[in-house]
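Trainee: Following the hints, complete the assembly by docking chain Y onto the known chain Z.
Listed below are the residues making up each chain.
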Amino acid sequence: MNVALSTPVADTARPKLEVQKLDAWFGNVHAVKDISLGVDARSVLAIIGPSGCGKSTFVRCLNRMHELTPGARSEGRVLLDGEDVYAVDPVYLRRRVGMVFQRPNVFPTMSIRDNVVAGLRLNRVRADYEAIVERTLTQTALWDEVKDRLDASAIALSGGQQQRLCIARALAVEPEVLLMDEPASALDPIATAKIEELIDELKQQYTIVIVTHNMQQAIRISDKTAFFYMGVLIEHGTTQQLFTRPERRETEDYVTGKFG
Amino acid sequence: MASGADTPRHAHLGDRAFAAGITLLGGAVLLVVGIIVVACARLSAPAFAKLGFFRFLTGSDWNPVEDSFGALPFIYGTLVTSAIAIVVAMPVAIGLALFLTEMSPSRVRRFVSFFVEILAAIPSVVFGLWGLMVLVPILRDVVEPALQHRLGFLPLFQGAPMGIGFLPAGIVLAIMILPTIASVTIEVLRTMPAALREGALALGATRWEAIGAVVLPYARRGIMGAVILGLARALGETMAVTMLIGNQPEIHGSLFAAGYSLPSVIANEFAEASGAVHTGALAGLALVLFGVTLMLSASARLLVRLSARRLVAA
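Residue numbers (our numbering), protein chains in the order written: chain Z, 1 to 260; chain Y, 1001 to 1314.
Among the hints, erroneous ones may be present.
As the list claims (entries may be wrong) - Here are a few chain Y residues that face chain Z, going by a calculated C-beta distance under 7 Å:
hint : residue
1    : Ala1194
2    : Ala1195
3    : Ala1205
4    : Thr1206
5    : Glu1209
6    : Gly1212
7    : Ala1213
8    : Val1214
9    : Pro1217
10   : Tyr1218
What the hints assert, rightly or not - Covered stretches of chain Z (chain Y as the covering partner; in silico rule of three or more C-beta atoms under 8 Å from a C-beta of chain Y):
hint : segment
11   : 59–71
12   : 97–104
13   : 135–147
14   : 164–176
To be verified - Not the full set, but computed from the structure, chain Z residues with beta-carbon under 10 Å of chain Y:
hint : residue
15   : Tyr86
16   : Pro90
17   : Val91
18   : Tyr92
19   : Leu93
20   : Pro108
21   : Thr109
22   : Arg113
23   : Leu179
24   : Ile219
These are calculated hints, taken from the structure and not from any lab test. Beta carbons are placed, not taken as given, at the ideal position from N, Cα and C, and that holds for glycine.
One chain only, chain Z, in its complex shape:
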């Protein structure tokens, strides 16, 4: 734990997250195959690819959520600031690497306020909860919509509001990396636009890995894009290059809509 607590001095040359030869399985299904890539600090990496290509499994390996699924396992290394995440306590890791899920999963028995500070309470962090509630809800552009009903149940919110609440909840514990697994796929276009605006702001502070089905979304919000196909990383580069001058035939076919 002591080793993990001392965050190494930021090294500009080193990526915030480094994945080395990562393999992941569900039982006998080899879902992620020998993937290596790096994510720079304060940048957005979009992961695209057809359904079932291992995108979600890949990000779930980054905060060790994958191993919670019965029968799931993984091999290879994931380095956060140069430190192997499989060598630290997963509970501690998940505070540094937050996650937003595909469908909003607000805690239905808690109020809006309690949802935001749930992570702080779980980790017994003493802090000015009121200030954190206001700050994170303002960050997620939810403050004006909910400030008068913070004690209302979180399930009274619309789907888009719930998803922004989930993002606020993830931000409240001040992670360094934010994983987003198709955060807008269950939302309408207006809510999606709000989430995208938010991601653009969040990248000033956070390192973001976002899985998306929507290639336009990847173009709008990401600095780099990785294209997965059948568990394999086909191509990884700057978003502009990957969408305009893909090096691989499969990438070109996918981004031009020949399959998917």
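Mentor: Here is chain Y on its own, set in the frame of chain Z:
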């Protein structure tokens, strides 16, 4: 009935026949319940006429020879044994359900679930026999003296350790209702969306913290429903309690003392009841028992339904 309300006027003949059929079957259930209540009420009329309903309900003397009948010792015995059963069974059953749904590998889960189901299938007379042969001697020789030694200052643990009485009846009831509470709780926990648990874990919760912060609050109402279903079963259980409670129509504060329960006295005395008042008093006890279990079952259903509605909203 309501089932016919959704059927359009021009529905197919088969649909209409089916609707009529199930309406009839649904009605038959109500009819049976109605017949039982009416029969009990008619049978108990002579007793209520002689004693008065309120005096019957609150009287504590039960003496068929003098036609003096009070329901209180039996209500008391039923409530005390059921309360012991709930206090003992609830933590064990909920712990078991949490273990099976949240912690155990699937092979262990199948194995243990199988034994829980077996437990539910054991006839209550077998439970009673086991209680007499195994539990009562242990309570009399080991547990009750120890309780008295340590906690004897409490009225609950005073008096001679006889083995037979409220305590063994309550403990055996606990074992009997454990499968009910555990299996309903397991169903409630299974309907819990995995995304909620993952949401807590992704925030840096340990498994235990996720259970405490998210799983249990979410499942609370459903678990309460499970407990009330178990309680309803404990209230109505006859044979095992009859064999263990001691069958004395008395009210004692001590759990070591003998008592009597509503179903037990009905089973024991009905065949030999002498005269309309005695029979009527026993039927009156049946009505009381029916009323108590009905109220509990209704509230259990309500709780489970509220919990399910919450689930849809999430």
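Trainee: Hints first: check each against the structure and report whether it holds.
Mentor: Results for each hint:
| no. | hint | verdict |
| --- | --- | --- |
| 1 | Ala1194 | violated (9 Å) |
| 2 | Ala1195 | holds (4 Å) |
| 3 | Ala1205 | holds (4 Å) |
| 4 | Thr1206 | holds (5 Å) |
| 5 | Glu1209 | holds (5 Å) |
| 6 | Gly1212 | violated (9 Å) |
| 7 | Ala1213 | holds (6 Å) |
| 8 | Val1214 | holds (6 Å) |
| 9 | Pro1217 | holds (4 Å) |
| 10 | Tyr1218 | holds (6 Å) |
| 11 | 59–71 | holds (count 4) |
| 12 | 97–104 | holds (count 4) |
| 13 | 135–147 | violated (count 0) |
| 14 | 164–176 | holds (count 4) |
| 15 | Tyr86 | violated (16 Å) |
| 16 | Pro90 | holds (8 Å) |
| 17 | Val91 | holds (5 Å) |
| 18 | Tyr92 | holds (7 Å) |
| 19 | Leu93 | holds (8 Å) |
| 20 | Pro108 | holds (4 Å) |
| 21 | Thr109 | holds (4 Å) |
| 22 | Arg113 | violated (15 Å) |
| 23 | Leu179 | holds (8 Å) |
| 24 | Ile219 | violated (27 Å) |
This entry does not satisfy hints 1, 6, 13, 15, 22 and 24, going by the numbered hints stated previously.
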